[in-house]
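Peer 1: Based on the provided sequences and hints, a complete structural model is requested.
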Amino acid sequence: MSSPSSSYYFVIVGHSDQVVYEIELGGGSSGQTTTDNRHLNQFIAHAALDLVDEAMWRNTTTYLKQVDKFNEWIVSAYVTAGGLRFLFLYEHLPRSGEDGLKNFLTEVYETYVKLLLNPFYVPDTPIRSAAFDKKIQTIARKWNL
Amino acid sequence: MAQTKKSVSEFIQDAFCPMVSVLCSYDAETICRKNNLTFAELIQPFCRLPSEVGYRDPSNNLIVLKNLRLEIKDFNSLPPQNTLAKKILNDSVSNALNNVTTNNEREIHSEQYQLHIKNTTPWFDAWRDCFLRISYGGDHEYLKNYLACVMVVSTSHLDPMDAFSKLVQQQSLQQQQSPAKLPKWFMPNIYKYFILLHDVTEGEESKAVSVFGDLKQQYGAGNCHLLQINSKRAGQTSSDINEAMNMPDPWRLYVKQSSSSNQKQSQTLSNKDSSLSDSLSNLTDLIDQELNLTTSISHPLGSFNTSISDLPATIDEGYDGSSTGNISTVIHGACLTLSDHDRIHVFMHEFVTKGLLPWVETNLKTFNEQITSRRGIKKIFSMPKNFFGGGSTSASKNQPSTTSTNLSNDSMEVVFRRAADLAFLFQHYELAYTNYHAAKRDLSRDQAPTFYAGVLEMCCITNFMQESATSRTYPAQYMDDAIELYTVTCRLPIFATRCALVSTEILKARESYDAAVQQFLKLSQEDSDLRGALFLEQAAHCFLNYRPSYIRKYAFYMVIAGHRFLKAGQVRLHALRCYNDVLEIYGKPNWSLAFDHINFTLGKQSASLNQANDAIRSFNALFAPNNRIQNAQQQINFFKEYLTVFNQITNSETILPELPVPLVENTTIKVLLAGHHKPQMGGHVSNCNDFDFDETREVWSDLERTITAHDRRASGTRTQLNLFTNRTHNQQHPIAVANETIRIELYVRNTLQVPLLLSEVQILWKFSSNGWKRKTSVSAESPEEWKEYTNDTATKQTDQPVECDILSDCIIFPNDTSKIELSLRTHRPGNLTILGICYRLNILVQNISDQTTWPYGIMGKTLFHVKGVRLNSNRRERLNTIYAVDNRLEIQVVPEAPLLHIEFSPMPAAMFCGEVQSCLVHLINTNTMHSITRVRLITSQPNLITVSSLDDTSLLTYTNESQSLWNHTLHQHSSVLTLVNHHHPLLANSTRTIRLWLHASNLAGEMNIDFLFLYESDVFQQPLRHRTVKHSSLFIITHSIGFHTQSESTGLGELTLPVQIDNQMTTPNSLTVNVQQLSCISKHWNIKNLSPKTPNGIRYGENLSLLFKCTHLENDNDSLQMKHIYLGNDETKTDQYVDISKNPMGDLFRHFISNLDYTHSAHRHKIIAPVPIPSISLVLLWQIAIANQLGQYEIRHGLHMISPKIDIPQTEPETNDTIQYELIYSSVVEHKFTKVLNLPVELKLFNRANKKFRLQLQLTRASLDSDPVLSSCCLWSGMTEQFINLSAYEHLSLNLRACFFKPGFYSLGNISLAIVDKINSTTVPIKSNIHNYFVDIRTLV
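In order, the protein sequence lines correspond to chains G and E.
Reminder that position 98 of the first sequence reads as 98 in UniProt numbering, one-by-one numbering, no gaps.
Reminder that position 527 of the second sequence reads as 527 in UniProt numbering, one-by-one numbering, no gaps.
Keep in mind that the hints were calculated from the coordinates and are not lab data.
We put the beta carbon where it would ideally sit given N, CA and C, even for glycine.
Please note that a few of the clues may not be correct.
A few chain E residues that face chain G, going by a derived Cβ cut-off under 7 Å, partial list only [said to hold, decoys possible]:
1. Tyr219
2. Arg552
3. Leu593
4. His597
5. Phe600
6. Thr601
Peer 2: Have a look at this one:
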């Protein structure tokens, strides 16, 4: 925990299991080394969907905490009211801890809701917006991700 | 977990069945070998007892054994050696893939996924069975130890009894040697059974009977059996062999495995591969020991032993005498009849019921007694034992793996275990469970971990096998503990694996898939990749059994399993299967990193397995257009692998592979049936043959229809299209001509992040010679011409009917489109289909270090897929998505035909309004054989164009006569110009030049003229009636002069024509427009210049006003007269006039007048209609001297024409028009006004009609005060009203007097004339043609 290899992967999964948005956060210096394992993030996140789907009916909250773990990778999830699934993949909790993660996901959700207000954005389609990217990164920095 | 065929209890019974060893004498083996079998093999198919047998347990309950199976092995057979075992396991897995049954699909439907998943995994079953078969028993258990030994001696032996005793001796020696070696025995006092084998055909029956008698005496009747086999001789003839083939061969399954493994064993023994890391590493030591053992043990009976180990080889050589490799040809049991089979059955049954089961009964009783007797002792010693036990555990903890058990051979736990194992093997599960549980209870976990784990394992199994007989819950935790102990504490993965195999089956039966997954995953992390892969796959299948199914977990674990299969090597097909099964699940949008990973792996592995098509499909998916996530470096890596793989596997392909990139934008495909041609005459080539604009296409086809409308022959033929795009109507095939260039233009898009390099790009085509003619003539063609050609082949072919131009290089940058233009020519008529493009694909490598190792690009193709417009005409089409046919790529090629090239030289670009310029048109027939019989030209502005022959270089033709007749008729001319007619055809390879005159329009701005040349030849036939050449020219027209006139009738049959000529140039310049000549063309009027001689040059901003007077011309013969007036300054040329009637001036004038009346010019269908000639037309010739780019002055000539409207006297004039009057007086009068001024005014009257009129003249007094302009009206003196009679055509003058009293400006308008109509007694007022008569009265000072 002293020097966490802070590389995170965040993905929004749509209703028919398609990727709506994904971003790799943190770990700017070790960006090159992770390129070989980029597909692993997707694999783990995808596999966690089963558990998210199960956990979302067992919890009344939108933030589901840790839902899955594969080797050293941990997946936390957040399910929106509309049934969209936010998955957050990490090896170590961010410095801001569980609360930080929760706040991060909540704020991302707020940003997403703002995006939904855009009449040109069709829900469940991939988000390709530089402003959204930037906003997510800002939120991530805010919560020390 | 996947489903298996066996039930779980069957599986467990089969996994743990009583073991029996067979010890054979040499002669017995010899007898058996006649059947290509060893004795153990011979009886193996009969090991499962078909009937139920029973025995009594210590408490005298009858235990019924259902479906009991014995496992019979040769005394000398050993578990396979380490690497061999690994190989056997591998083979079992890879072979099982081949015999997958088809109908094992299972459908899984969830919200997001619709999957078909194979729910059986026969490879896993095969591996599991194989694993259980070749694994051996541990020191802590007795399940796999031999319970009994069967001694076999044949009657052919000289002294069978001696042989029996030797075998017994051999067995006991083996059992008693120290340290203990394999095979291991259940207990010191095993059960021995004696078989006297009798060969019916060779042996003496009497000897057999006597020896068997001895045998029974010595070993007891229940322990002996006389087995008679070989009731017939081995077939020597082929019919016998056939007969033997028809016999059931129950051995095949067993012998195949063992003999092949034996062979392999002998091969692999020498070259043991030590480098392989293996799962069965713990096995190595044991087996190595064992190998030593076989050599040492063979000492006393060496001859037997070697011969047995070499057995399969000698059998094959002995009976076949041919190749030894082909095992399937070996016939087993050739000497055995069905009654022999029955005898073996009987033997087995007797062996079990009369021998083995009583022995089991006895031993169970013994164990039970031991246990009950010891229990009392144990109670006494229990406390100190526990006390000391603590000490021993700490010692054993230090070295748990070296000694599997530190229990002495006769300790209580061992007795429990042994008793339990025996009860378990003979299906007395309750007793077994009690004993196992007792053993577990007495042991602490750390004291003997292996033993403890084994007991835990067996507790679970027996608990399960009791089924519902007991209410005890299944102790799942025991099993987890056992696996944990085996793996972690004891490091015996083999037992852990066995434990997990059984445990997961049990869990599966109990539907606790979660626990099964945990156990599979726990063991999948061990070092054996094959087992890991298999376990991961099973875990994945377990996820599917969750409620609801964990499909995505399944997918993930299948991927990991595939990865492990790959690492395991040799079973790559399984890896492919794993990846393939789940590919669909990752096919959801945008999981492309994962999807690409799978595809990449699939592609690479398919390629290495030479599954070319699969590899190509997988790699193509990598470069699918919707894949945008991968970065450039990754794509370069993918691409390199792609190229490498392709170069390996596509060498053998006959047709070109389809390549995924670049993407052809199918909507942009254009087909152009014309080649580039360079100007031969140095002019401009006709330019409009490869343009495509929606607007102009309509223009061209309109023009073409205008021409063809007159041709009866061509009626109904469609207009000639040269260019086909997605906007043209492509229902009909394009018609191309042989040996002419067809050009294809398309855009390709690079969807990758790296620049693509296409080289050797050419069109991919298919060509067939048939079909261009009508079907009736097709039958006459030779079959050779029916042949289809294509260049869709990997190999180059010569003598192709189509010749392609090759584009050597084309680079497409990332996320960019690039235009590719390709051309091809067919050499024969036929049907040409454009399939796509083929090219060599590579990427542009920027990294220099890569370039040397970079693989060569691959040849491949991309096909075109064109579709027409979406149809929307009826309901069905609106509801579905239906596209019209698009035949633009299916080109009909007609035989060679003339091709006309048109060149213009020099075509003017900028002109003044009204300017006339000429240019040359070269008509070039490029064909070497056929002549062009007719060329016609139509333009979008036919009134501005005229042609003349090449010799007419001059625009102006001069004449001396100022007045002449227009000596040819002015007919309404067709707008079509015929340039070449059939009297003078344009011969092959010849050129004709024609001068074209262009008259700039009077409107400044841009002027576009479209030229459509339509030509015909005798060789043209349907569907190509004619061909066209298109050209479009753009001219910039600038203002020159304005030419206006307004005719004024003087009222007395004369016209005044004031003409104003303005210089209308918009920008200041020094150009001077010189007017040269004005010509009047009229039937009735003659013109006279009233203006004085003035300078004729008009500079910027100036204008020139001229006045002309037209007088009525006495003209009897209705001919058209011309009158030229020279306006120039040059005195020497005053009698030189330009003859307007000569061409091209005459044509331009004709265009002018035919365009005047728009109602007539609109319909051109009447060919030669006389032009309505305007009453008067003025033609102004002017010229501008302008410096050209070289500084030379050139004279530009211009022509303006005007036809002023004039009031021509009507033949039937209205009554109020028939009388004209005029007041004549002096307009300015000076008077002293000493007295009243009397001004004499003359009234002139003129009767234009041939009729007599009575007129009323009134001179009113009323002043027009209301008129603000006038000060007053005059006063008339004299008679104020009078009546005048005016006869036909009479001129009459009346003298009137006007009185003025003071100076001023007066009107004389208060005069009114009216015609008196006697019949109606009314008056009709006459209007004056000049309304205002004014007089200015001034005071004379």
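Peer 1: Now tell me if each hint is right for this structure.
Peer 2: How the hints compare with the structure:
no., hint, in the structure
1, Tyr219, "62 Å, violated"
2, Arg552, "5 Å, holds"
3, Leu593, "4 Å, holds"
4, His597, "4 Å, holds"
5, Phe600, "9 Å, violated"
6, Thr601, "10 Å, violated"
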